[in-house]
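Asker: Residue numbers (my numbering), protein chains in the order written: chain A, 521 to 664; chain B, 3 to 105.
The reader is advised that the hints may include incorrect statements.
Taking lysine to aspartate or glutamate and the DMTMM-like style, the derived pairs with C-alpha atoms no more than 25 Å apart in a straight line are [what the hints assert, rightly or not]: (1) B:Lys-97 <-> A:Glu-644; (2) B:Lys-82 <-> B:Asp-31; (3) B:Lys-67 <-> A:Asp-613; (4) B:Lys-81 <-> A:Asp-613; (5) B:Lys-82 <-> B:Asp-46; (6) B:Lys-67 <-> B:Glu-36; (7) B:Lys-97 <-> A:Glu-550; (8) B:Lys-81 <-> B:Asp-60; (9) B:Lys-82 <-> A:Glu-602; (10) B:Lys-82 <-> A:Glu-534; (11) A:Lys-588 <-> A:Glu-534; (12) B:Lys-97 <-> B:Asp-56; (13) B:Lys-82 <-> B:Asp-56; (14) B:Lys-81 <-> B:Asp-46; (15) B:Lys-81 <-> B:Asp-63; (16) B:Lys-97 <-> B:Asp-63; (17) B:Lys-81 <-> A:Glu-602; (18) B:Lys-97 <-> A:Asp-649; (19) B:Lys-82 <-> B:Glu-48; (20) B:Lys-81 <-> B:Asp-56; (21) A:Lys-625 <-> A:Glu-547.
By construction, these hints were calculated from the structure, which means they are not laboratory data. The model shown is predicted, which means the values in this text are computed figures rather than measured ones.
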Amino acid sequence: MPYPELMIKPMRDELVMAGMEELRTVEQVEAFLSPQEGTALLVINSVCGCAAGQARPGVRSALESAVKPDRLGTVFAGQDVEAAARARQYFADIPPSSPSIALFKDGELAYFVPRHRIENRSAEEVAADLIGAFDRLCGAVAAS
Amino acid sequence: MRRGRRVLTAVGTFHQGKSDLHGITVVVDTTGPEIFVGRCDDEDDEVVILLDVDVHRDGDDGRSKREYVERAAQFGVWKKHDRMVIPRAQVVSVKPLGEVTSA
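Put together the whole structure using the sequences plus the hints.
Answerer: Right, dumping it as structure tokens:
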């Protein structure tokens, strides 16, 4: 059951203010993930403070890196149910978890952080992992 | 009551009154052939309560418990049960899945 929108708005805003496009409909998800070129970061946002409390600041910190994905998007699990379900179809072999973070390169899933790799870790550790993935997959060398 | 565990009472959005492992995806190994991976809801001296749980029996699909856990550590598990209550007497260890590293 979705939480009151008033309660989760700050959780949405935290990523939107970091430059992420909020994907609230199936159509928005498809438009974001369908391009087969470039890199795209998709954050499956969630309410749960056990992991999302580190995920969002970790993502924000990572996005301050010089190297970052071409496209930045987020869906909110449990809130925008249809949009989140559509997003997960792009990595259907991976068990659903939220929060989680997916990095696509040229239309293919290239890097994934499931919830259990966020729990019990600091935002700095989450950011460091993401920055490493950005450097490997989104840098000029990786793109050439 | 051991340190880090609390009475099984409040169920709230912000997880008041739960054990330290509340919300953490854990591996629960048992004295028997079963090993469980799920999100810890709570635990005390009597039980470990898991949500969104997968169960593996040693040797199923040709995989040992260790091999199953290493695979689960990569991307997670597909849940087979919404909720399971595991008697503490059957529990050998409870460990965060995020701390599991491949051999």
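Asker: Take the C-alpha atoms of Lys-82 (chain B) and Glu-602 (chain A), compute the straight-line distance between them, and say whether it is at most 25 Å.
Answerer: Roughly 22 Å separates the two Cα atoms, so the pair holds.
Asker: Do the alpha carbons of Lys-82 (chain B) and Glu-48 (chain B) lie within 25 Å of each other, as the hint requires?
Answerer: Roughly 23 Å between the alpha carbons, so the hint for Lys-82 (chain B) and Glu-48 (chain B) holds.
Asker: Hey, Lys-81 (chain B) versus Asp-56 (chain B), does the alpha-carbon distance stay inside 25 Å?
Answerer: Cα-Cα ~5 Å, so holds.
Asker: Check whether the Cα positions of Lys-82 (chain B) and Glu-534 (chain A) lie no farther apart than 25 Å.
Answerer: violated (33 Å)
Asker: Hinted pair, alpha-carbon criterion (25 Å max): Lys-625 (chain A), Glu-547 (chain A). Please report holds or violated.
Answerer: Satisfied, since the Cα-Cα distance of roughly 20 Å is no more than 25 Å.
Asker: Straight-line Cα separation of Lys-82 (chain B) and Asp-56 (chain B) no greater than 25 Å?
Answerer: holds (5 Å)
Asker: Is it true that the CA of Lys-97 (chain B) sits at most 25 Å from the CA of Asp-649 (chain A)?
Answerer: Holds, at about 22 Å.
Asker: Taking only the CA atoms, is the gap from Lys-81 (chain B) to Asp-613 (chain A) under or equal to 25 Å?
Answerer: Measuring from Cα to Cα gives roughly 13 Å; hence the hint holds.
Asker: Lys-81 (chain B) and Asp-63 (chain B) were given as a pair; does the straight-line alpha-carbon distance stay at or below 25 Å?
Answerer: Cα-Cα ~17 Å, so holds.
Asker: If you draw a straight line from the CA of Lys-97 (chain B) to the CA of Glu-644 (chain A), is it 25 Å or shorter?
Answerer: holds (22 Å)
Asker: Please verify whether Lys-588 (chain A) and Glu-534 (chain A) have alpha carbons no more than 25 Å apart.
Answerer: holds (18 Å)
Asker: Taking 25 Å as the top limit, are the C-alpha atoms of Lys-67 (chain B) and Asp-613 (chain A) close enough?
Answerer: holds (21 Å)
When the structure is compared with the earlier hints, violations turn up for hints 7, 10 and for no others.
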